[in-house]
Amino acid sequence: MSRRCNRNSRFPFYVLMFAMVFLYTPLVMVAVASFNASKYGGAWKEFSLKWYVQLFHTGAIWEALVNTLVIALLATVFSTVLGTLSALALHRSRSRLKGIYYALVHTPLVVPDILLGISMLLLFVTVMDVCGGWLESLFGLRLELGMTTVVIAHVTFCLSYVAMVVLGRLKEFDNSLLEAAQDLGASGLYTFFHVTLPVIMPGIVAGALFAFTLSIDDFVITFFVKGAGDTTLPIYIQSAMRRGTPPVLNALSVIFLLLTFGLVFVTQNLLSKGKSE
Amino acid sequence: MDEILRFENITKRYGKNTVLDNVTLSIGKGEVFSLLGPSGCGKTTLLRICGGFEPPDAGRVILDGADITELPANRREVRTVFQNYALFPHLTVWENIAFGLRATHQPQHVLDTEIPKILKLVQLEGFESRRPAQLSGGQRQRVAIARALVNKPKVLLLDEPLAALDLKLRQRMLIDLDTLHDEVGTTFIFVTHDQQEAMSISDHIAVLNGGHVEQIGTPTQLYEAPRTSFVAAFIGDTNFFSGRIESVDGDYCSLAIDAFPTLRLFNDKKAHVGAEVHVSIRPEKFSIALNRPERTDANTNLLEGKVEEVVYLGAHTRYWVRVQDWRISVIKQHDGYALDERAIRWDDTVWLKFEADNAYMLDRYAEDDEELLALPDL
Numbered sequence: 000m001s002r003r004c005n006r007n008s009r010f011p012f013y014v015l016m017f018a019m020v021f022l023y024t025p026l027v028m029v030a031v032a033s034f035n036a037s038k039y040g041g042a043w044k045e046f047s048l049k050w051y052v053q054l055f056h057t058g059a060i061w062e063a064l065v066n067t068l069v070i071a072l073l074a075t076v077f078s079t080v081l082g083t084l085s086a087l088a089l090h091r092s093r094s095r096l097k098g099i100y101y102a103l104v105h106t107p108l109v110v111p112d113i114l115l116g117i118s119m120l121l122l123f124v125t126v127m128d129v130c131g132g133w134l135e136s137l138f139g140l141r142l143e144l145g146m147t148t149v150v151i152a153h154v155t156f157c158l159s160y161v162a163m164v165v166l167g168r169l170k171e172f173d174n175s176l177l178e179a180a181q182d183l184g185a186s187g188l189y190t191f192f193h194v195t196l197p198v199i200m201p202g203i204v205a206g207a208l209f210a211f212t213l214s215i216d217d218f219v220i221t222f223f224v225k226g227a228g229d230t231t232l233p234i235y236i237q238s239a240m241r242r243g244t245p246p247v248l249n250a251l252s253v254i255f256l257l258l259t260f261g262l263v264f265v266t267q268n269l270l271s272k273g274k275s276e
Numbered sequence: 000m001d002e003i004l005r006f007e008n009i010t011k012r013y014g015k016n017t018v019l020d021n022v023t024l025s026i027g028k029g030e031v032f033s034l035l036g037p038s039g040c041g042k043t044t045l046l047r048i049c050g051g052f053e054p055p056d057a058g059r060v061i062l063d064g065a066d067i068t069e070l071p072a073n074r075r076e077v078r079t080v081f082q083n084y085a086l087f088p089h090l091t092v093w094e095n096i097a098f099g100l101r102a103t104h105q106p107q108h109v110l111d112t113e114i115p116k117i118l119k120l121v122q123l124e125g126f127e128s129r130r131p132a133q134l135s136g137g138q139r140q141r142v143a144i145a146r147a148l149v150n151k152p153k154v155l156l157l158d159e160p161l162a163a164l165d166l167k168l169r170q171r172m173l174i175d176l177d178t179l180h181d182e183v184g185t186t187f188i189f190v191t192h193d194q195q196e197a198m199s200i201s202d203h204i205a206v207l208n209g210g211h212v213e214q215i216g217t218p219t220q221l222y223e224a225p226r227t228s229f230v231a232a233f234i235g236d237t238n239f240f241s242g243r244i245e246s247v248d249g250d251y252c253s254l255a256i257d258a259f260p261t262l263r264l265f266n267d268k269k270a271h272v273g274a275e276v277h278v279s280i281r282p283e284k285f286s287i288a289l290n291r292p293e294r295t296d297a298n299t300n301l302l303e304g305k306v307e308e309v310v311y312l313g314a315h316t317r318y319w320v321r322v323q324d325w326r327i328s329v330i331k332q333h334d335g336y337a338l339d340e341r342a343i344r345w346d347d348t349v350w351l352k353f354e355a356d357n358a359y360m361l362d363r364y365a366e367d368d369e370e371l372l373a374l375p376d377l
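Each protein sequence line maps, in turn, to chains A and B. Taking numbering that gives the first Met the number 0, the leading residue of the first sequence gets 0, the next gets one more, and so forth. Taking numbering that gives the first Met the number 0, the leading residue of the second sequence gets 0, the next gets one more, and so forth.
Don't read these hints as lab results, they were simulated from the structure. Possibly wrong hints are sitting among the right ones.
[Stated by the list, open to error] Some, not all, of what chain A presents toward chain B, calculated at C-beta under 10 Å:
(1) L176
(2) E178
(3) Q181
(4) Y189
(5) G243
(6) V247
Note that the coordinates shown come from a computational prediction; the quantities given were computed from them, not determined experimentally. Built from N, CA and C at the ideal position, the CB exists for glycine as well.
Whole structure, please, built from the sequences with the hints as guidance.
Structure below.
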């Protein structure tokens, strides 16, 4: 009997527990601090919900939240449609450049946010410089950094995530289903809406939720491409932190955390449900 | 029999590889027609051409008198049962069967009358709201068949429909398929590599090999009168003999074979003296005995040999018997109580007997086909 490959070893379990502690201690700290009546994070004073009450009375936060949700919603819709279509195109592609297309769609996942932010800002400024003038004189359109540029930037990086998730779903797609539908007399369009789309739908929804979470969460890229007055929640939190650490942010973080957990949970469920079919 | 489907000079190439070479077939209305052959013989490609999933490079497909070669798959009155069934995983059994009717915009009352009928036919009543993932292999297959039949196609194409099932289920489904065919009367085209499946269900079989048709016939014709060594070896088991005609008298001839006794054969090919002839003799055409049997007439062949291998299989026993330089495969049916006889054992000297009428001369012989035979290495 070899002792080296002991399947009953508890060591991996301990490592896992350590990782869990490592991951979640900061989050627990925030959660605890949000219920602490003390204005200064250090010492425990007493249990209180007053920061939550105060949170609901801070107008700027609500304004930032609405901005964040509007951006996230728009970015999700556009990136889901574009991402799904590009995944379908990639899946069907027989081009020799298919590998390169794959890489190009996946690259934004690994490009540092700061790089994306800078390049996006550069692009917007250039476009505004070059055609801002005649666009304004011709159509009365004013190009400037603002919610629109934030949405465009968010669509850009969300698209890659949606495409990746949908492609994963398409890899398991049985192409004989398309032939079966055709064989039964269905047209191409009927097949798309009654076979392809429903079968890959869990992937699309998971991709959309992914995109939504990422958009809500984004700070770096938003910071670069937003207009002067616009605030999203992450931007608001960052600027509030610079003015000290108001305990109301702890309460906000907890609510934010719960929302994210919920979304991740739903996404995971959808993805695993897709696998089991 | 009226013709329902005809393949005319179908040729299909993938790159330099010719998958189907000038294939012409005629399939009668209401029959079960099998395309039989080893993998890579082109049988599935032919089926896909019929279904409209692949265009042929040359040739025509005629369905019920109309040329459908250019018709897209969704406008052909043929339906396919796919090898993996290709059931829609997101739809229930009922919705799967309804798919074809809905896609072709049939009114609701057609769905309400046709689907229960077909469900009853394939014995899936009560399974309407199940998903494919909740069904067994046999049930899935029945859903696939119901889904294909509900549109009342002119021809039903079955692509190795039993390959995914285990042996016992396969045999039962084969009987079910046969019963179903009797009830609906639709023409079935059945693609398989399993000769027993094809033999037991088909009215006619086309044996395909390397992209061309070797022979078309009823199961009995193919077994008893194989035209080529491929058909003889692929369907059932056989013994091949090659020799030169020594003499011809009337309908019979004598065949001289190197290092083997001269054989008396029925000269069905009207071969002349001196012609080189290849003969197939099925193992069960020989009778085997320990004592020298009586010669019935001049056309009875008697061969003396030594048993080299015995495989007892219950209903019958297989023997490999050495006769001079040749080894002969023999099957003996146990029509009596086997324990009462003195068993034939390894190394026994035995007598083989067969009648001249029971051999069959081949049109074409290829030595490679001998590898299809079940011969033990001795």
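Each hint, compared with the structure:
no., hint, in the structure
1, L176, "holds, 5 Å"
2, E178, "holds, 6 Å"
3, Q181, "holds, 4 Å"
4, Y189, "holds, 5 Å"
5, G243, "violated, 53 Å"
6, V247, "violated, 46 Å"
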